[in-house]
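Student: Spelled out, the chains give:
There are 8 protein chains.
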Amino acid sequence: MEDKIQKLLASVARGKVTVEQALEELKELPFQDLTHTKIDHHRKLRKGMEEVLFGQGKSLDQMTEVIRSMKKKGTDVLVTRLDKATGLKLKKRFPEGDYSEPGRCFMIKKDHSIRGKGMILIISAGTSDIPVAEEAYVTSTFFGNETERLYDVGVAGIHRLFQNMALLRKARAVIVAAGMEGALPSIVAGVVGAPVIGVPTSIGYGTSFGGVSALLTMLNSCSTVAAFNIDNGFGAAYFATLINRL
Amino acid sequence: MEDKIQKLLASVARGKVTVEQALEELKELPFQDLTHTKIDHHRKLRKGMEEVLFGQGKSLDQMTEVIRSMKKKGTDVLVTRLDKATGLKLKKRFPEGDYSEPGRCFMIKKDHSIRGKGMILIISAGTSDIPVAEEAYVTSTFFGNETERLYDVGVAGIHRLFQNMALLRKARAVIVAAGMEGALPSIVAGVVGAPVIGVPTSIGYGTSFGGVSALLTMLNSCSTVAAFNIDNGFGAAYFATLINRL
Amino acid sequence: MEDKIQKLLASVARGKVTVEQALEELKELPFQDLTHTKIDHHRKLRKGMEEVLFGQGKSLDQMTEVIRSMKKKGTDVLVTRLDKATGLKLKKRFPEGDYSEPGRCFMIKKDHSIRGKGMILIISAGTSDIPVAEEAYVTSTFFGNETERLYDVGVAGIHRLFQNMALLRKARAVIVAAGMEGALPSIVAGVVGAPVIGVPTSIGYGTSFGGVSALLTMLNSCSTVAAFNIDNGFGAAYFATLINRL
Amino acid sequence: MEDKIQKLLASVARGKVTVEQALEELKELPFQDLTHTKIDHHRKLRKGMEEVLFGQGKSLDQMTEVIRSMKKKGTDVLVTRLDKATGLKLKKRFPEGDYSEPGRCFMIKKDHSIRGKGMILIISAGTSDIPVAEEAYVTSTFFGNETERLYDVGVAGIHRLFQNMALLRKARAVIVAAGMEGALPSIVAGVVGAPVIGVPTSIGYGTSFGGVSALLTMLNSCSTVAAFNIDNGFGAAYFATLINRL
Amino acid sequence: MEDKIQKLLASVARGKVTVEQALEELKELPFQDLTHTKIDHHRKLRKGMEEVLFGQGKSLDQMTEVIRSMKKKGTDVLVTRLDKATGLKLKKRFPEGDYSEPGRCFMIKKDHSIRGKGMILIISAGTSDIPVAEEAYVTSTFFGNETERLYDVGVAGIHRLFQNMALLRKARAVIVAAGMEGALPSIVAGVVGAPVIGVPTSIGYGTSFGGVSALLTMLNSCSTVAAFNIDNGFGAAYFATLINRL
Amino acid sequence: MEDKIQKLLASVARGKVTVEQALEELKELPFQDLTHTKIDHHRKLRKGMEEVLFGQGKSLDQMTEVIRSMKKKGTDVLVTRLDKATGLKLKKRFPEGDYSEPGRCFMIKKDHSIRGKGMILIISAGTSDIPVAEEAYVTSTFFGNETERLYDVGVAGIHRLFQNMALLRKARAVIVAAGMEGALPSIVAGVVGAPVIGVPTSIGYGTSFGGVSALLTMLNSCSTVAAFNIDNGFGAAYFATLINRL
Amino acid sequence: MEDKIQKLLASVARGKVTVEQALEELKELPFQDLTHTKIDHHRKLRKGMEEVLFGQGKSLDQMTEVIRSMKKKGTDVLVTRLDKATGLKLKKRFPEGDYSEPGRCFMIKKDHSIRGKGMILIISAGTSDIPVAEEAYVTSTFFGNETERLYDVGVAGIHRLFQNMALLRKARAVIVAAGMEGALPSIVAGVVGAPVIGVPTSIGYGTSFGGVSALLTMLNSCSTVAAFNIDNGFGAAYFATLINRL
Amino acid sequence: MEDKIQKLLASVARGKVTVEQALEELKELPFQDLTHTKIDHHRKLRKGMEEVLFGQGKSLDQMTEVIRSMKKKGTDVLVTRLDKATGLKLKKRFPEGDYSEPGRCFMIKKDHSIRGKGMILIISAGTSDIPVAEEAYVTSTFFGNETERLYDVGVAGIHRLFQNMALLRKARAVIVAAGMEGALPSIVAGVVGAPVIGVPTSIGYGTSFGGVSALLTMLNSCSTVAAFNIDNGFGAAYFATLINRL
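Residue numbers (the numbering used here), protein chains in the order written: chain D, 1 to 246; chain E, 1 to 246; chain C, 1 to 246; chain R, 1 to 246; chain X, 1 to 246; chain U, 1 to 246; chain A, 1 to 246; chain V, 1 to 246.
Treat the hints loosely; a few may be bogus.
To be verified - Cross-link-like lysine to aspartate or glutamate pairs, in silico, EDC-like; alpha carbons within 20 Å at most:
id, chain 1, residue 1, chain 2, residue 2
1, C, K7, V, E20
2, U, K7, D, E20
3, A, K109, A, E96
Stated by the list, open to error - Computed spacing ranges between beta-carbons, pair by pair:
id, chain 1, residue 1, chain 2, residue 2, range
4, A, P102, D, V66, 14 to 24 Å
5, D, K170, C, G15, 31 to 41 Å
6, D, P102, C, K72, 25 to 35 Å
7, C, K84, X, T127, 37 to 47 Å
Stated by the list, open to error - Reference excerpt, derived from the structure (chain R facing chain A, CB under 8 Å, subset only):
id, residue
8, Q6
9, L9
10, V12
11, A13
12, G15
13, A22
14, L23
Please keep in mind that the hints were generated in silico from the structure rather than gathered at the bench.
We put the CB at the ideal spot given by N, CA and C, even for glycine.
Based on the sequences and whatever the hints tell you, model everything.
Tutor: Right, here's the structure in full:
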């Protein structure tokens, strides 16, 4: 693309192409390529954030191919939503990588520099919410954030939350994964000053409606909670990373 | 009904009716009347609880007529779901009664004996939830329970809840009215040993879906909360009364 | 925590720390620990109720570990939502325990004292609702309540309900599990004076929507029914226990 | 249409048109007109049932025009879903007609012959359900059925239902209008042998969802209940009429 | 029960019990037994209709036991919602019975008398709706109705419906099973005078929402259609039987 | 924008700017302006279609201003979703325009050339669906399509549909507006070869859920129907216009 | 049918039957057969479009039978919604056919003439949406349309969409398959003049609700998008074919 | 509270109270007061953010009272969700305040210091979404953020979005208010690196379901968007403020 424009400009400079002709030709050049270049340029500014692969529904070979091409480019790579069997197979193919069973993620990470300004705290309400919290944890770590975990501090163990106020206050952003009634993000947002990001989980039965009950609680929170899709630990951590780099 | 049976038995005793004939006749007697008598007898055991009129959608004259017939029988009467205008008109017609504007109820109560064994505590999360809480309060009082109120102690003012632990612990049953996210009943049930009854209110906007979000929170509570229909302060207080008379 | 405060007070008593210094230090002590102590104290007042494990989604080893630590502390333990295979494995590891196949629960119970004041009656509408009713039955028994069962008395066999009026009237609290249209709790609440707790079950097809239809019936009951989440036999029995200990 | 075919056949008879030409021409004749004739013929077999006007959303003048054209044809007419003001205006324009305020219907009925074989019984659960029940009552009467009413026999007054077993058993079809939890049709279907038609009403609040809760109860009934749309008293009575004429 | 009353009456006749004592004793006799007798008496009037077993979720042994007890009493029996494997096993245990694979029903039927007054017509929209239609067909046959079938006449083959107008007009009641958009019952009700009963089926994908779309179509039909629960072929045929015996 | 590029190219031509500098400068030029130009150019290709104003929620003055600016540019203008009062006021301000009361639209149209290749047929199921059908009619006319109407041909008057097969077959695209059960588009699509566009209307009550029932019917149609949002007559006509210009 | 009429007309011509008798007989002839003929005639006009089999839920033998009968008639045949195993078995039985694994379709196509006037473009938002897009692709090809594909151009790769503007503009109709948020059809409709048909896919998790979220986006599009049922790639391609033949 | 502890410590210092007694007394002191103090202290750290009044449903006098007490304390005050009439009355009572009609907010603001580190950009998709965007704008300004607006840049005017890339890139946080299909936040998040906060608005009709469609789009966004409740412009701006102060 740049080549084409450069050639055109050179022709203008050499008088081989008039200004009018060049203008017409420029208009005909697929603008979208320009657009692409610009967007791409912008993307590079937040480089490292885009090499993430949503693993669910992709074959082992498809993923292997993508990972290989990323390795060639020298970029780190994170694959999310992997069942254990597939995760271990990836680990076998790429022994330098790590598979997180609780977080259902595989990653190859060479750049271990810390790029976020503060600490991101990941909280889970119950033990069943841990997979979603771990997806957030692995993602946050992958993106170079100092990340801490505080698990199983929901309603039944709310005192454990209060016992860790120091940790809570230290956080620059807090992610709270909660299923069932999903009230924990509200409670956390009531006691900390940092932005709180709620991730409803699909944990529960009956009227939990696969996480809808928890999601509604977060959307209707009297405190201020930003909500993400059910089980979307990755999205929450990505968003927290954006905040933490500000 | 009893008369009929008595006459029949007397005829048997006097030999005018054979045992077989009497048996057949007994079978033919409308069983439902017997049923009715029995049920009625049972109802009287919890007398005072049934003279309640759901006011919404009834005309002033319809209500006046019912109240008059109750007055003749000497029973107390409670009318719920009354707008202010109708409530004041009832007050004019029955000056011995009281209209509660916040609770939207009118009642004529002469029997002021306390019939519950302990205290019923009515909690509201926000000021907007007070009408529902007041309906519960008026109902609980009407049914002869010692009743206390603790309002506006929701997430934004949760410390006020904890400042009243003594009151909370004194309660034999707790009713919590909450809209929006509806998390307060869960929190209360986490800190008291008395049964907690949750009443979702229709307060909120958007995804509160007129109280559905709050209801789902209560149904999915990790603590143990018994749920009632949206805005049903009366039902919750009636249920608490049943508990308080045990 | 108590140690710290005790030392501080001792220092005050010995004049090594001034009142002002002690006050500042007290303020700095993590209040949540104090909170925790208080809540914990409160929890002990209703001890025996908290050693319950939601088995669904937990591994055999996780459960084994928790049960062992509870055994060491000498407390009884109840595990709910167990499939048969897992239940029998637990029974093998802890032969002193009992696995209830219909109620899908495992429990080790040494303290067989009756701690509730009256009888809790568990009713099921149909035979398909029995697993939920049995979860309530096992839970109620575990918590030391005299507990009776009356199964399969729904619409098709409603006369069996009426044939057991004596049992119904004896109950201090009634739990009714019903799927499909879920009308039985309403009918029961219409004929008894004790509080009635409705548990919708996920039994049905089509527009039963996995128990939602039954739940709505209970929430909209013209009688007074307290509703719990779909299939939540445990929660209903826990709530009935709270009532029965009043 | 018949004219055209007659002429064609006459031409064939007179040899002016060949069989082949006639066949082609017959095929070209808009078949739908034939269809129409047939359907129309069929419709006449159940004449009297079709002159019903859904009044809601129609202007007074529109309705007046239709009624006038019907009067000219000498057919009876029923207009449903009329508010009081419009109903009284129609009454003024057609003094020979009757406006039913509770049923929100206007009708001009000259043919008072009874055309159904038995009695149709209309039951309402509560007083608030009466408008829907009355729409069914007026409709049933309009279509020439002997019709009886039994109102306000819902859960709170279920003994009144049983006191009227004789009436219930006499019915050839039973229509039950019920809002809130909508359980009455099930109960009725459990005690009568006649077909029971349930009409959920929009009466209720909160989770009654404008009649949806009642409708679900009817659809999930363990007894056998045929369900109609919320508030559709007309449809239920029309259907009962079809049954009653069998 | 009758024994008890007979003895009591005999004692009255013999002067061993006074009228007053007898009256008291009668009141104490569980009224529900009387109720039961009455209901039972009523049930016998429509005998043959109640020996139906909902097979889904019941074990082979449970069903075997029930069938055996019915056989002893000499009554016919129908078991619905049976998968093929279970159906064939029942057939092996009771070789005199018949298993309908398309209708997923097993029945032992000795009384082959026709008890309905006319013919019941079962229509299916598509081939996928046939299982539901067959459940209705088997049920209708079981209850002694002359029953005809007209399958696969939905929108794509609507002309086949019109080709069978004679059959349609002969029917005393029509059952139409339709999934997807569920419009066929409306169309049928538009062209026949007999009552039309719609059974939405769970056939479809995406926004058919497991039959909800078809159900809504039937409930909102401009023609008059009585609706049953999704896939409830049994209920529709039971209801049609009630009509057909009128 | 073009100016800037022209100047830049001229400088290159004159040797005042090097090729490299020009390339950098071109990259810095806001690409979006180029994008805009391109898109705009594209939009002009289908000029006449974009001057439509969604009137709902806009003030009379806001609309007046937009219409005036359009008049200056000499373009036709259509305003949709106008209540009668506002429509008549617009008519007063712009007497050359026309207000369609049934279609709730106002338009100023000077270019009366026919730009579509065939005829667009607008069908309504009931008289209540006419406002939506009229919105489609006015829109279709505004965009220069030959447009015909066929109203009130729903289930109750389906023979009128068949009587107009000639009209149906002449259409190049058919729009069908239907509320309640919404089955008419399916039926139409079953008998014509032209593309059929369904517009569910919000007409109905109870389970019509404001048009959702009709929408689901169209989405699940066994014939092939393209669906638009509830009451979106404008969108359907716009889409039909795109087809008609192909 | 034609035979009967021909004979009748011949009798009229020969004077054996009077005009009146013939008219009566014509009326008695099953009109639906005429209807059928007409409709069938119409169907033949768009022949080739109707030989499509919805494979899901049909047995291999059922499908084999239908395909054989079609082969005899010499018509092409398309079977949709086939899993891989069944597809390959069909391929074995009919080696002249082709099984598309990504599109889950099997087809035997001998007539390869192009019958559409322009090109149909199939776009997929993500790789997971490809099966639905491929169903549309195979269908569009089967019906004789020149068809192009542009996959994986959703939000994350939106620049690839803009890089293919030439292809987009060439299309006579565009089908866009998109899951998750489903915004791509709107974006496409914003930049092309051809009609855009949106197919929501069931791809996503949590609040995607199996495609409902994507569907709602398409229905509420500010651009003009015609929507089809979730995953209905076939329907969209059928509809696009109708457009492309205009 | 502090007084009590101080006295107790003084008594310990003076030897009047033993360490053990003091410890017991400290445990008895209402822990919640301590809690309150701590939380309050924490709240002050983010002072200025809590003096916000949700105006909807509150009376003019109630609001006046709160505002007066805040004025006495010298704190700024913001009242949201005010209709015009009430807003102007507040302005009359507090002439130093400002009423924003488009944002439906009233505020008294004396502290005009900028407290956020960067700029917050508020984007609206359509003109109808402006009230929600303005609520966010007023709130953001009130909390001391430099705030910019970019309105009416939705799908129909997406080029205006791209024309303002410089502004977009300058933002430290972006709030996007969008109704209907709600796709704009996704598009914005695709082109900027700052965190994007989506606010669905209740603008739309039919299947927009009062903002639910827009909300689902944001929750299912392929880009990363944090979602808030429908119409909750305040919450989004509060959350953006938390981010902007980091």
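Student: Which of the stated hints cannot be reconciled with the structure, identified by number in ascending sequence?
Tutor: The structure breaks none of the hints.
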